[in-house]
Each structure stands twice: as C-alpha cells, then as structure tokens.
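Student: Chain by chain, the residues run as shown.
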Amino acid sequence: MEELNMVIQAQAAEQRRKVLNLIYLEGILLDERKWDEWLALFSPDVEFWVPSWKSEHELVSDPLNEVSLVWYPSRDHLEDRIYRIRTGLSPASNPLPRTVHLITNSLIRQENDGKYLVTSNFQVNCFRDQELSCYTGYYEHLIMCNPDSCLILKKKVVIVNDTLRVMDIYCF
Amino acid sequence: MNIARDSLEFGSRYPRLSELIDLEKMRVDRRVFTDPQIYQLEIEMIWEKTWLFLAHESQVPNCFDYFRAYMGPHSVFLWRNAEGGLQCFANVCAHRGATICNSMHGNARSISCEFHGWSYDSFGRLLAMPKERDAAHHPDFSKEKFGLKSVPRLENYRGFIFASLNPSVPSLLDHLGDAKAMIDLFVDSAPHGIEILPGASTTRFKGNWKNQSENSLDGWHADVTHASYMMTQKNRTKRKDQMFMDGSLDLSAMYQDKSMESGFYNFKNGHASLWSDWPNLEQRPNYAQFLEFKKLYGEEKAKWLSGRFRNLLVYPGIYLIDHLSTQIRVFRPLSVDETEVTLYCVGHRGESPQSRNVRLRQYEDCFNAGGMITADDYIEFERCQAGYDNAGHQWNEFSRGFDRLQTETDAHGKALGIKAELCGSQFEDEGIYIGLWKEWLRLMTSD
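Protein chains in written order, with my numbering: chain H, 1 to 172; chain Y, 1 to 447.
No lab work stands behind these hints, which were simulated from the structure alone. Treat the hints with care, since some could be wrong.
What the hints assert, rightly or not - Okay, derived cross-link-like pairs now, PhoX-like style, lysine-lysine, Cα gap no bigger than 25 Å in a straight line: (1) Y/K238 to Y/K258; (2) Y/K419 to Y/K268; (3) Y/K180 to Y/K301; (4) H/K154 to Y/K240; (5) Y/K301 to H/K34; (6) H/K54 to H/K156.
Bear in mind the structure is a predicted one, so any value in this text is a computation, not a measurement.
Could you put together the complete structure from these sequences and hints?
Tutor: Following this line, the structure appears as structure tokens:
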C-alpha cells in the first residue's frame with residue numbers, strides 16, 4: 001500500500017514538473033521564434049486574454065463588455081497573429097525584436113482533475129533598433145494534462161507597464 | 001499675421017515660419033517636426049491658445065466625479081461640483097505647486113494636497129489646512145485668495161468637453177465650424193447616445209505629434225502600412241472565422257472597388273474629415289441600422305450615419321474615428337520627438353450584446369497596442385522622426401491629387417449642409433493636409 005502511495009506521489013510530482021516546464025517552454029519557443037511549436041502548446045479552444053487597466057489598480061473583468069488589450073477565444077486567432085508576423089509586412093515586426101522571456105515565481109495554485117492553475121511573474125525583454133523595451137507583469141495559465149501531454153486552456157497576461165507602443169504576442 | 005514672430009530667426013540656419021510651410025507646392029519643411037524651438041513655440045501658440053478636448057461627459061456623470069486630463073504639457077482635472085456643474089482646474093496646489101489630483105479618475109467631495117494638507121472643495125475653494133488656528137500668516141493672507149485656478153474656458157459640444165487656456169479664444173461652436181456636422185454624425189449614429197467603454201489604453205511613441213495629426217487623414221498609407229492586417233483578414237475570410245467573418249473588415253476592397261465614392265473635407269481652423277463608402281455594406285454588422293436610418297432620413301443621410309468610413313480630426317489633438325469600430329483618439333506632445341496617445345472605444349448605448357461584441361473585437365483587433373494596425377503606424381512615425389534628421393530631402397511632399405483639389409463642396413457635403421474650404425474626391429489624395437498646415441501657420445504667427 002505504501003509503495004502504491006509512493007508511486008502515485010511520484011506520478012503527481014512528475015506531472016507538476018511537466019506543468020511548470022510547459023510555462024517555461026512557452027517562453028523559450030517564442031524567444032526562438034518556433035511559432036508552430038508554440039501554437040501546438042495551446043488547446044484549440046484556448047482563451048488568450050490580456051486585460052486592460054481601468055484605473056491604477058483595477059483591471060477590466062468582462063471581455064464581452066469592456067475593452068481588452070487582446071482577447072481571443074480560440075487558437076485560430078493566435079494562428080492569425082503568427083500568419084501576420086510571417087507576412088513580413090508588419091513594420092512593428094519587421095525586423096522582429098530579439099526577445100528574452102524571464103519567467104519566475106511560478107506556483108501551482110490549484111490542482112483539480114488534471115487541470116492546473118499556475119501563476120507566474122514575467123519580464124520579457126525585447127531588443128530592436130538599438131533599444132531595449134521591457135515588458136513586465138503576471139501570467140495565469142490554466143493547463144490540462146493527460147498521461148501523454150499537457151495543453152494550455154487559458155493564458156491571462158496582466159501587463160504592468162501598459163504604455164509600450166508595440167504589444168505583439170511575442171512581447172507577453 | 002504677426003510679422004515680428006514670422007521673422008523670428010531660429011538661429012541663422014532657419015527661414016521664416018511661413019517659408020517652412022509651402023502650401024502652393026503642397027510640402028512642408030521637415031524641420032517643423034524636429035526643431036526644439038519651433039516645438040516650444042507650438043506649445044505656446046497652439047496648445048495654450050486653441051481648444052483642446054478633455055473628456056466625454058460620460059466619464060464624469062455624477063456629482064464629485066473627477067477626471068485627470070492634459071492640455072499639452074499642463075495637467076488639469078475636471079471635477080463635477082456639489083451642484084452638478086462641471087469645472088476644470090489646473091492640477092496645482094495653490095500653496096506650493098504640487099499636483100493634487102494624482103489618480104486617473106474617481107469621486108471625491110474634497111481633494112487634499114498630500115504635501116502640506118491644503119484641502120479644496122468641489123468648487124475649488126480652499127477649505128482648510130492643518131494647524132490653521134495658530135498659523136500667524138502674513139496679514140495679506142486669506143483663504144479666499146488661495147482657491148484652485150480654473151482653466152479660463154470650458155465648453156461642451158454634444159457631450160465632448162473642450163477647454164482652452166486662452167480666455168479670448170472664440171466660442172467652441174465657432175471654433176468647430178462645419179466640423180460640427182461630423183461630430184453630429186458620430187453622436188447621431190447611436191440612437192440612444194454614446195458611451196466610453198471601460199478600458200482605455202495610453203501609449204507613447206518617439207515621434208512628433210504632427211505625425212499623429214496627419215495619420216488618420218492619410219488614406220494612402222493604409223494598404224501598405226497595414227498590408228499584413230489586410231492579408232490576415234483575407235486569410236480569416238478564407239477559413240470562415242466565426243468572430244471576424246464580417247466581410248467589411250476587408251479594407252482592401254476600399255482600394256479595389258472603384259465604384260465606391262470617397263473623399264475629404266477641410267473645414268476652417270484645421271479640422272478635416274476623410275470618408276469613403278463602405279464596401280460590402282450589406283455585410284456590415286450594423287446593416288439593419290442602416291436600413292432603419294434609410295427609412296427615417298433617406299439614403300444619403302443613412303449612408304453618412306452608418307454606411308461610410310469617417311475620420312474627423314478636430315485640430316490639433318483629437319480624432320473621432322468611425323470605421324472598424326468607433327473610437328476617440330486623443331494625443332498630446334511630450335517633447336519635440338515624443339507623443340502620448342490615448343484611445344477610447346466608444347459604444348452605442350443599448351446596443352445588443354452581439355453588436356457590442358463585434359465592436360469590441362474590431363477595436364481590439366486594430367487599435368490598441370495589442371492590435372494589428374496602430375502599432376504599425378507608431379513605428380512608421382518613429383521611422384519618419386529618425387529619417388527627418390538625415391541630410392536628405394528638405395521637404396515632406398503631399399501633392400497627390402493637386403490637380404483634383406476643389407473649392408466647391410461636393411453633393412455629399414452639401415447634403416450635410418457643410419461648406420468645406422477644400423474638398424477632395426479620392427481617398428488617397430493628400431490635399432487633405434492643407435487645412436491643418438494652414439491652421440498651424442495661422443496659430444504660430446498670430447498675435
């Protein structure tokens with residue numbers, strides 16, 4: 001019995017490790033501009049949300065009635081953003097910046113039925129035209145795992161310094 | 001025209017201001033975008049002299065609501081007093097000059113300076129100060145003398161609140177002139193009124209403010225600067241995207257379908273409007289509303305209300321934009337090469353959840369920094385600013401459509417009852433900028 005418990009615990013620990021790795025991998029794939037591999041981390045019905053700020057400390061809470069910086073209810077729309085980058089015709093993304101995602105303080109906050117809610121802090125450094133822009137804020141990822149793989153069901157990005165003039169998906 | 005100022009020599013390198021603006025050949029000297037002395041003069045002669053937009057009245061609906069805004073470099077705030085009247089104060093404590101309204105917006109019966117604690121009521125009167133009893137002030141001191149300073153002029157046109165630091169500026173109505181007709185369309189296209197939707201976004205770019213003044217009048221850049229957006233939209237149509245299936249989002253049709261009418265108007269005082277018939281009108285989300293307007297007002301007015309792309313510049317620093325979604329775009333100069341832009345999405349009160357959703361999605365898709373249009377404009381403004389300083393060409397050229405300029409208002413304008421100073425018949429024509437440069441020169445060289 002104890003042995004079985006240990007196996008279950010080991011499996012759970014392994015699963016949590018996979019969940020956290022996924023958060024870090026997402027940043028790495030964006031930095032390496034491996035767009036298709038990045039897209040493959042998301043569930044087809046992913047909700048991708050970057051709320052805007054209503055006041056100094058209040059975010060919008062209802063994307064159907066309030067303005068977000070970005071709100072997409074499916075992966076198709078993330079694919080659109082990649083499609084657009086690949087046209088090479090967006091001045092804001094041509095040339096693309098060199099980016100470095102620093103993702104820290106990742107914690108599994110809830111764990112239920114194979115779904116994991118993870119919060120993290122991020123700093124994304126973008127270098128272009130001899131200038132370093134720093135995007136900073138918090139992530140909230142909802143990740144669904146089955147024995148074979150993990151997928152992102154929701155990604156919420158709270159951007160703290162929201163006055164930067166380019167906020168493409170590689171900045172988050 | 002003030003000859004003294006016009007002859008002002010900006011160092012020996014510079015010609016007169018009037019020689020920098022060559023409207024006959026339709027060109028301006030690039031130094032107007034880069035020279036710090038000209039910039040200082042712009043603050044004094046434009047931003048401190050004319051009417052500036054502060055807020056929409058839906059942003060300060062209740063007694064004691066306040067809203068911080070800027071007039072060029074100056075911080076001010078609107079405050080609705082205990083009796084419901086709206087006032088605009090310089091955001092400066094009478095005591096030692098600290099800003100006292102330090103939040104974007106809120107509701108307060110009184111506001112205290114956080115430096116020494118002087119507090120003011122909603123009429124701007126100095127209420128109290130700590131340690132008042134044994135203050136032993138100079139005999140000339142009295143609390144009545146130390147209220148907040150009101151901004152000299154505050155007027156409202158159809159919910160749009162404007163102020164001016166210039167006590168002798170002509171009335172707002174006079175200032176707007178026939179541009180009023182375009183504001184009316186923006187408001188009247190919403191039968192139950194308009195409202196600002198929560199979640200504004202503010203962005204800064206490293207370019208001169210006049211790039212932003214020109215940009216939403218610029219029909220020529222869109223299918224190049226925004227080609228990636230147009231291609232993305234075509235791709236969405238191909239895969240039958242549920243959220244962005246509206247065919248009217250395909251702006252490229254505006255450039256390809258030559259049967260559509262378009263043009264521009266220059267109004268007095270630098271205001272200007274760019275317009276075009278919508279392609280695929282029957283695919284627009286508000287087509288039902290168009291049909292209703294048509295029944296009520298006839299086809300021409302219905303087209304103006306909801307069948308046409310309309311951008312209005314109210315010179316110098318606000319756009320009312322009604323094409324993909326609806327927005328108010330306010331901007332202000334921070335320095336000769338930095339500008340701040342705030343975007344508000346405007347909703348129609350009482351619209352269906354479905355329409356609201358389309359409006360929000362179109363807005364976010366294009367205009368916020370997270371969207372696929374505006375960021376590309378900002379980058380091109382920055383590239384211009386970087387390019388202006390090169391030892392390259394002296395002039396910014398905008399003579400496209402020179403041969404087509406009309407001084408007679410076209411039939412569509414006449415249907416609105418407007419009399420334009422200049423009128424154009426093609427979306428890409430650049431004569432649209434003449435009015436704003438004329439106004440720039442008038443303000444810069446006026447008494």
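Student: Each hint should be assessed against the structure and marked as holding or not.
Tutor: Hints and how they fare:
Between Y/K238 and Y/K258 the alpha-carbon distance is near 23 Å, which keeps this suggested pair within the 25 Å criterion. In summary, the hint linking Y/K419 to Y/K268 is supported, as the alpha carbons are separated by about 10 Å, within the 25 Å threshold. Restraint check for Y/K180 and Y/K301: satisfied, since their Cα atoms lie roughly 15 Å apart, inside the 25 Å limit. Restraint check for H/K154 and Y/K240: the C-alpha separation of about 23 Å stays at or below 25 Å, so the hint holds.
Note on Y/K301 and H/K34: the hinted pairing is violated, with a Cα-Cα distance of about 51 Å set against a maximum of 25 Å. Distance restraint check for H/K54 and H/K156: the Cα-Cα separation of roughly 16 Å lies within the 25 Å cut-off, and the hinted pair is therefore satisfied.
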